[in-house]
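Student: In case you want the letters, here they are:
Protein chains: 2
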Amino acid sequence: MSTEHLFAVVMAGGSGTRFWPLSRRLRPKQLLALAEKDRTLLASTIERVSPLVPPERVLIVTGQHLAEATRNAAPSLPHANVLAEPIAKNTAPCVAWAAYHALARDPDAILAVLAADHFVVDRAAYLQVIGRAVEAAADGSLVTVGIKPTRPETGYGYLEVGGEVGPGFSHTVLRFVEKPSHDTAIEFVRSGRFLWNSGQFFFRADAIVRAFEAHMPELASAMSAVRSATSSDQEARIVEAAYASARAISIDHGVMEKADKVRVIPGDFGWSDVGSWTTSWELAPRDASDNAGPALVVDARGNYVHAPAGKVVALLGVEDLVIVDTPDALLVMPRSRAQDVRAVVDALKGKRDDVL
Amino acid sequence: MSTEHLFAVVMAGGSGTRFWPLSRRLRPKQLLALAEKDRTLLASTIERVSPLVPPERVLIVTGQHLAEATRNAAPSLPHANVLAEPIAKNTAPCVAWAAYHALARDPDAILAVLAADHFVVDRAAYLQVIGRAVEAAADGSLVTVGIKPTRPETGYGYLEVGGEVGPGFSHTVLRFVEKPSHDTAIEFVRSGRFLWNSGQFFFRADAIVRAFEAHMPELASAMSAVRSATSSDQEARIVEAAYASARAISIDHGVMEKADKVRVIPGDFGWSDVGSWTTSWELAPRDASDNAGPALVVDARGNYVHAPAGKVVALLGVEDLVIVDTPDALLVMPRSRAQDVRAVVDALKGKRDDVL
Numbered sequence: 001m002s003t004e005h006l007f008a009v010v011m012a013g014g015s016g017t018r019f020w021p022l023s024r025r026l027r028p029k030q031l032l033a034l035a036e037k038d039r040t041l042l043a044s045t046i047e048r049v050s051p052l053v054p055p056e057r058v059l060i061v062t063g064q065h066l067a068e069a070t071r072n073a074a075p076s077l078p079h080a081n082v083l084a085e086p087i088a089k090n091t092a093p094c095v096a097w098a099a100y101h102a103l104a105r106d107p108d109a110i111l112a113v114l115a116a117d118h119f120v121v122d123r124a125a126y127l128q129v130i131g132r133a134v135e136a137a138a139d140g141s142l143v144t145v146g147i148k149p150t151r152p153e154t155g156y157g158y159l160e161v162g163g164e165v166g167p168g169f170s171h172t173v174l175r176f177v178e179k180p181s182h183d184t185a186i187e188f189v190r191s192g193r194f195l196w197n198s199g200q201f202f203f204r205a206d207a208i209v210r211a212f213e214a215h216m217p218e219l220a221s222a223m224s225a226v227r228s229a230t231s232s233d234q235e236a237r238i239v240e241a242a243y244a245s246a247r248a249i250s251i252d253h254g255v256m257e258k259a260d261k262v263r264v265i266p267g268d269f270g271w272s273d274v275g276s277w278t279t280s281w282e283l284a285p286r287d288a289s290d291n292a293g294p295a296l297v298v299d300a301r302g303n304y305v306h307a308p309a310g311k312v313v314a315l316l317g318v319e320d321l322v323i324v325d326t327p328d329a330l331l332v333m334p335r336s337r338a339q340d341v342r343a344v345v346d347a348l349k350g351k352r353d354d355v356l
Numbered sequence: 001m002s003t004e005h006l007f008a009v010v011m012a013g014g015s016g017t018r019f020w021p022l023s024r025r026l027r028p029k030q031l032l033a034l035a036e037k038d039r040t041l042l043a044s045t046i047e048r049v050s051p052l053v054p055p056e057r058v059l060i061v062t063g064q065h066l067a068e069a070t071r072n073a074a075p076s077l078p079h080a081n082v083l084a085e086p087i088a089k090n091t092a093p094c095v096a097w098a099a100y101h102a103l104a105r106d107p108d109a110i111l112a113v114l115a116a117d118h119f120v121v122d123r124a125a126y127l128q129v130i131g132r133a134v135e136a137a138a139d140g141s142l143v144t145v146g147i148k149p150t151r152p153e154t155g156y157g158y159l160e161v162g163g164e165v166g167p168g169f170s171h172t173v174l175r176f177v178e179k180p181s182h183d184t185a186i187e188f189v190r191s192g193r194f195l196w197n198s199g200q201f202f203f204r205a206d207a208i209v210r211a212f213e214a215h216m217p218e219l220a221s222a223m224s225a226v227r228s229a230t231s232s233d234q235e236a237r238i239v240e241a242a243y244a245s246a247r248a249i250s251i252d253h254g255v256m257e258k259a260d261k262v263r264v265i266p267g268d269f270g271w272s273d274v275g276s277w278t279t280s281w282e283l284a285p286r287d288a289s290d291n292a293g294p295a296l297v298v299d300a301r302g303n304y305v306h307a308p309a310g311k312v313v314a315l316l317g318v319e320d321l322v323i324v325d326t327p328d329a330l331l332v333m334p335r336s337r338a339q340d341v342r343a344v345v346d347a348l349k350g351k352r353d354d355v356l
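Note that the protein sequences, when read in sequence, are chains D and H.
Sequential numbering from 1 applies to the first sequence in the numbering used here.
Sequential numbering from 1 applies to the second sequence in the numbering used here.
Heads up, a few of these hints could be off.
[Said to hold, decoys possible] Which stretches of chain H does chain D cover? Using the computed rule of at least three CB atoms under 8 Å from a CB of chain D, they are:
| hint | segment |
| --- | --- |
| 1 | 302 to 315 |
| 2 | 329 to 341 |
[What the hints assert, rightly or not] According to the in silico footprint, chain H covers these stretches of chain D (three or more CB under 8 Å from chain H):
| hint | segment |
| --- | --- |
| 3 | 311 to 320 |
| 4 | 332 to 343 |
[What the hints assert, rightly or not] Derived DEER-like restraints, expressed as beta-carbon distance ranges:
| hint | chain 1 | residue 1 | chain 2 | residue 2 | range |
| --- | --- | --- | --- | --- | --- |
| 5 | H | Arg352 | D | Ser191 | 34 to 44 Å |
| 6 | H | Gly192 | D | Asp290 | 43 to 53 Å |
| 7 | H | Arg190 | D | Lys349 | 27 to 37 Å |
No wet-lab data here; the hints were simulated from the structure.
Glycine included, C-beta positions come from ideal geometry on N, C-alpha and C.
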């Protein structure tokens, strides 16, 4: 497989309120070291694909308010490789911009569209799957990577494939299914015909552009001039206008679900979307009593602690809590409530915006 | 009742590890505002008796390492009224020193020996009881104040009186009982003949000196020269020698349990020994869901929070926890474990002495 035309497009526009109080408006999830010590999720993402994609061909798409912090978190990238969106409009405009931008650099560009805030345990297995996805994209297919489900997770989207997922490489996607009910999820897992949608996409830039032209023609039309922009200022003006008129819609809904030739590569490499503090607990090294994080523990089990370096956190007799301490805000909740952190953030809005 | 000879002797030598991480070696319980906003327990104690005892006749006995902080916490007192013990030897040497010191100032001195770290809700009722105790001490009796028990508390000492505790003023104490078992405590409360030992004592200075001479003659002998010391330097040298040879024993064990003419005044004024963070929760104003302290609460009940001013503490879905946050240490435990904080302090010894 030749990778000389391969660009990584890292989508890094998330706000990630579920990791408050560590995450803040100007320090969202992808800029936090939530899975590995001292390495942000964004840096892990870039590092993970580095055997296939050098920094010069890594594009990061993020919000303008995060551009500086993002460049600081990815110092090996050329300054111009951070594409700063004027306004958040979900992932379809983001992918469209990246596709036209890459085409301007290389008419044969192939894109690996990756989330900035996911985590992979087995990098070697991951690279193998990526390689297969890139190969499968060579004929103009729109390719995604599906994760073999290990539980009836209701927080993910699912992909249904034609037959039972076999050891083969590539399957046709019959349909995308949004977060299912618990009963439906159980059925999906039992059937063997469903994969988790990992939100990673692989396609030739010209192929996805054709798909935008077919399924989101206004966006394609507004963005296409990026391909022939002669300066970054000119590109910025085109992008600003395109985003202003763009619908806020995901690449899944806007294009993938409607397109032909959508294929999926099954992957099994220890994938996590790092969806909440509970995931951080699952990914972290734990003591014999299942506590994770820097805590002094007396009769306590199953807790996750995040705290500033040097601070003593003492847990006495508590179980299955998440405790996240920062200099100006502290959160305490059961692990089982980690999906509800947004309720806390909402309650603080307008009252303590200084800690959001 | 004449109070012109009345001295308050405030015993302020406690270390109070049960209030870690707010309490530290150099900032023990009595120097914390645990029951009233912005007022230390020590300051409350002095304020409470101020209608009977002016600052000039308030003596505070504390450890040398706490002398400066104690003087700062009681700025109305003359510098010399803080008696700094060279070494902690429980309460008997402390009371002996205070008795001889007071006698040197006033041969007719009457002492009200008070704990620096307790709390009283009804001050007017308290002052009435104090007045009766002082009156009862006039004839040379050793007088204590007993609290009518409201529950079979196993954490307190009890006083058994001759008959059922009536509305009368003073009862002869038959015996002192250390912290009883739960079954014994239930029996005590049912019998109506037991009172909680509140650790407050009232006696003429010459009467307690005679009791020391009878029951702790070595201590009396070593300390008696304080009465005729001609300088604070000379007094310090006498005290240092007396403490060096003194047995570490409480005034209860060393004298009160052995003495004749021990009487008790029953009191009912909302007394608390502020024994743990659970007590702080009980004493604090609480919201409709029984949470106390400065927290942002979502689906949480029965929690107690102490945190630095301005810090956001968010509780999501947790119940009956104590959360004590300080800049360098954080403690999380169930309210029911508040008696066990010492285990945390012990675990930190030698590892993180900087937070003790």
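Student: Hint by hint, note whether the structure agrees.
Tutor: Consistency of the hints with the structure:
Counting residues of the segment 302 to 315 of chain H whose beta carbon lies closer than 8 Å to any beta carbon of chain D gives 7, which meets the minimum of three for the stated coverage. With 10 residues having a Cβ less than 8 Å from any Cβ of chain D, the segment 329 to 341 of chain H passes the three-residue criterion, so the hint holds. With a cut-off of 8 Å between beta carbons, the segment 311 to 320 of chain D has 8 residues touching chain H; three or more are needed, and the interface restraint holds. Here's how the segment 332 to 343 of chain D fares: 8 of its residues keep a CB closer than 8 Å to some CB of chain H, so the rule of at least three is met and the hint holds.
A hinted range of 34 to 44 Å for the beta carbons of Arg352/H and Ser191/D is inconsistent with their spacing of about 54 Å. The hint said 43 to 53 Å for the Cβ distance between Gly192/H and Asp290/D, and at roughly 50 Å that hint holds. The beta-carbon spacing between Arg190/H and Lys349/D, approximately 55 Å, falls outside the hinted interval of 27 to 37 Å.
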